[in-house]
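*Asks:* Given next are the chains, with one letter for each unit.
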Amino acid sequence: MNRSKGGVPLFAFVVTAVFFYAPLLVLVCFSFNASRTMTWSGFSLRWYGELLFHSADLWHALGRSVIIALSSSVTATALGTLGAIGIYWYNFRFKRYISIASFLPLILPEIIMGVSLLILFAAVGLPLSLFTIFIAHVTFNLPFVVLIVSSRLDEFDYSVVEAAYDLGAREWDALVKVVLPISLPGIVAAFLIAVTLSLEDFVITFFVAGPGSTTLPLQIYSMIRFGVSPVINALSVMLLAASIALAFLGKGVYRYIFQR
Amino acid sequence: MRKNVGALYAFPIGLWITLFFVVPISVIVLYSFMAKGLYGGVVFRFSLDAYRELFNAALLHTALTTFLLAAVSTLLTLVLALPAAYYIARSRFRNTLLLLIIIPFWTNFLIRIYAWIAILGNNGFLNALLLRSGITHGYAHFLYNRYAVVIVLMYTYLPYAILPLYSAIEKFDFSLLEAARDLGATRTQAVFRVLLPNIKAGITTAVLFTFIPAFGQYAVPQLVGGRDSFMLGTVIARELTVSRNWPLASAIAAALTVMTTLSVLAFMRLNRSAGELIRESVP
Numbered sequence: 022m023n024r025s026k027g028g029v030p031l032f033a034f035v036v037t038a039v040f041f042y043a044p045l046l047v048l049v050c051f052s053f054n055a056s057r058t059m060t061w062s063g064f065s066l067r068w069y070g071e072l073l074f075h076s077a078d079l080w081h082a083l084g085r086s087v088i089i090a091l092s093s094s095v096t097a098t099a100l101g102t103l104g105a106i107g108i109y110w111y112n113f114r115f116k117r118y119i120s121i122a123s124f125l126p127l128i129l130p131e132i133i134m135g136v137s138l139l140i141l142f143a144a145v146g147l148p149l150s151l152f153t154i155f156i157a158h159v160t161f162n163l164p165f166v167v168l169i170v171s172s173r174l175d176e177f178d179y180s181v182v183e184a185a186y187d188l189g190a191r192e193w194d195a196l197v198k199v200v201l202p203i204s205l206p207g208i209v210a211a212f213l214i215a216v217t218l219s220l221e222d223f224v225i226t227f228f229v230a231g232p233g234s235t236t237l238p239l240q241i242y243s244m245i246r247f248g249v250s251p252v253i254n255a256l257s258v259m260l261l262a263a264s265i266a267l268a269f270l271g272k273g274v275y276r277y278i279f280q281r
Numbered sequence: 044m045r046k047n048v049g050a051l052y053a054f055p056i057g058l059w060i061t062l063f064f065v066v067p068i069s070v071i072v073l074y075s076f077m078a079k080g081l082y083g084g085v086v087f088r089f090s091l092d093a094y095r096e097l098f099n100a101a102l103l104h105t106a107l108t109t110f111l112l113a114a115v116s117t118l119l120t121l122v123l124a125l126p127a128a129y130y131i132a133r134s135r136f137r138n139t140l141l142l143l144i145i146i147p148f149w150t151n152f153l154i155r156i157y158a159w160i161a162i163l164g165n166n167g168f169l170n171a172l173l174l175r176s177g178i179t180h181g182y183a184h185f186l187y188n189r190y191a192v193v194i195v196l197m198y199t200y201l202p203y204a205i206l207p208l209y210s211a212i213e214k215f216d217f218s219l220l221e222a223a224r225d226l227g228a229t230r231t232q233a234v235f236r237v238l239l240p241n242i243k244a245g246i247t248t249a250v251l252f253t254f255i256p257a258f259g260q261y262a263v264p265q266l267v268g269g270r271d272s273f274m275l276g277t278v279i280a281r282e283l284t285v286s287r288n289w290p291l292a293s294a295i296a297a298a299l300t301v302m303t304t305l306s307v308l309a310f311m312r313l314n315r316s317a318g319e320l321i322r323e324s325v326p
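So the sequence lines, in the order shown, correspond to chains A and B.
Quick note on this note's numbering: the first sequence kicks off at 22 and runs consecutively.
Quick note on this note's numbering: the second sequence kicks off at 44 and runs consecutively.
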């Protein structure tokens, strides 16, 4: 068994790891560079200072991103959870349509959703704003929520719900006291994923954002179009640190609640 | 009676996904058959102009480039992802290694692209290094060509390939490999005739996760590509915002939608369990 461990697989893994980390390592090193260029000329925190105190646009963009992420994730989680419960446990007209239509966005390239929403908004005369971004983010998050919540429902026996009915629970009681508690870990996971995807999204947002509704990824995009800048190096490192911290925090919170 | 309750639960999502996904896609299809408005938008008159333009030589060439770039990066990604996933699945430290692969991808997607701009760009790390050591005089152009696009596409999608491959290989019964060897197969034969066919679902999913988003890429060719690496996504955006030919943009987007849907359906038919794996590896 051990003979298959070394050789090609190990080599490929090492190459992959180096391929992944080398670029990030370069960013980390040069964010502390004293000069503007990519030639090392001494340690300095100058670019972090610039980032913290002279980049108001970036911070405004971050604020907008957080607002969009929270509002769209709450909405998508609510709609998606109910949808998943309905699709998973019940039969009704248009069930097939809804389950296919809420899966399809997952497999289409992002640009399709961006372009089609932009054209829709133009056709009905809705001006591009934070609101149109909100609509787009809810839409691309829905399939993920449905997927995650229904894989949670997969692990449960419908007989639990039937037992509740037999014991005299009304529909509302069954939903609030049985179904939702059962699916809570899935709901929380879906919400966390939705927040992440929303904070991350560039392509779809690019098409549906109007003047004055620049989100963080859009702001970063407009900065990196013009090549290397030490401020972006510093920003990258802070974002890297923040996302790793948030990911572990999210995982920790999730564990703390559900796996004690 | 409970039937109605199910419809009640699914009604909001059904309405939302209809309004903001099904309707917009239908509008695109509709617009692609309209005449072009003077300043963007469309004139409501039936016209096949957009489809005529869709089949002109320049656009077909772009489609071919897009296909090749996506295909090459998918292939290279697989070549690296398969053995790497195998190594992770067989390691004692699989959880740690898996985390190691996932961590860089918690960073913003644009920052990941930027990391390559900072390395390969004209005033980037590699050029600075080469100039200083006297190997080159003057900037070498590493960026803004098809090689840069392939590298960054690989960088973007490698984890999406590794995850489904990993979960497929983890389920594989390795004693089958030993049995193959005992029956006289060489190591290569064992891998190609026993391992690979058994993880077909994983490979299918990895291809799906890499090829389709790469095919519809917009940001990567825009940021690190050049004249030789125009992709369909870039053209859609250009027609929409610069040339203001909305019927053409709609026609390309509609064609992209149809191609993607068809290839996904084909893949699913090819391998039913791929659907299962997609479920497992998305979050």
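Just so you know, these hints were derived from the structure itself, not from any lab.
Cβ atoms here follow ideal geometry from the backbone N, Cα and C, with glycine treated the same way.
Wrong hints could be hidden among the right ones.
[Stated by the list, open to error] No farther apart than 25 Å at their CA atoms in a straight line, the calculated lysine to any residue pairs in the SDA-like style are these:
| id | chain 1 | residue 1 | chain 2 | residue 2 |
| --- | --- | --- | --- | --- |
| 1 | A | K198 | A | V274 |
| 2 | A | K116 | A | P30 |
| 3 | A | K198 | A | A185 |
| 4 | A | K272 | A | A99 |
| 5 | A | K116 | A | V181 |
| 6 | A | K272 | B | T139 |
| 7 | B | K243 | A | K198 |
| 8 | B | K214 | B | T139 |
| 9 | B | K214 | A | S250 |
| 10 | A | K198 | B | V48 |
| 11 | A | K272 | B | V48 |
| 12 | A | K116 | B | F136 |
| 13 | A | K116 | B | V65 |
| 14 | B | K214 | B | T304 |
| 15 | B | K214 | B | R281 |
| 16 | B | K214 | A | V29 |
| 17 | B | K214 | A | P30 |
| 18 | A | K116 | B | T304 |
| 19 | B | K243 | B | N99 |
| 20 | B | K243 | B | L266 |
[As the list claims (entries may be wrong)] Computed footprint of chain A on chain B; a stretch qualifies when at least three of its residues, placed anywhere within it, have a C-beta under 8 Å from a C-beta of chain A:
| id | region |
| --- | --- |
| 21 | 126-139 |
| 22 | 155-162 |
*Asks:* Look at each hint and say if it fits the structure.
*Replies:* Consistency of the hints with the structure:
no., hint, in the structure
1, A:K198 / A:V274, "23 Å, holds"
2, A:K116 / A:P30, "45 Å, violated"
3, A:K198 / A:A185, "9 Å, holds"
4, A:K272 / A:A99, "21 Å, holds"
5, A:K116 / A:V181, "23 Å, holds"
6, A:K272 / B:T139, "15 Å, holds"
7, B:K243 / A:K198, "42 Å, violated"
8, B:K214 / B:T139, "18 Å, holds"
9, B:K214 / A:S250, "46 Å, violated"
10, A:K198 / B:V48, "16 Å, holds"
11, A:K272 / B:V48, "34 Å, violated"
12, A:K116 / B:F136, "43 Å, violated"
13, A:K116 / B:V65, "15 Å, holds"
14, B:K214 / B:T304, "28 Å, violated"
15, B:K214 / B:R281, "45 Å, violated"
16, B:K214 / A:V29, "21 Å, holds"
17, B:K214 / A:P30, "17 Å, holds"
18, A:K116 / B:T304, "20 Å, holds"
19, B:K243 / B:N99, "37 Å, violated"
20, B:K243 / B:L266, "34 Å, violated"
21, 126-139, "holds (count 7)"
22, 155-162, "holds (count 8)"
The earlier numbered hints that this structure contradicts are 2, 7, 9, 11, 12, 14, 15, 19, 20.
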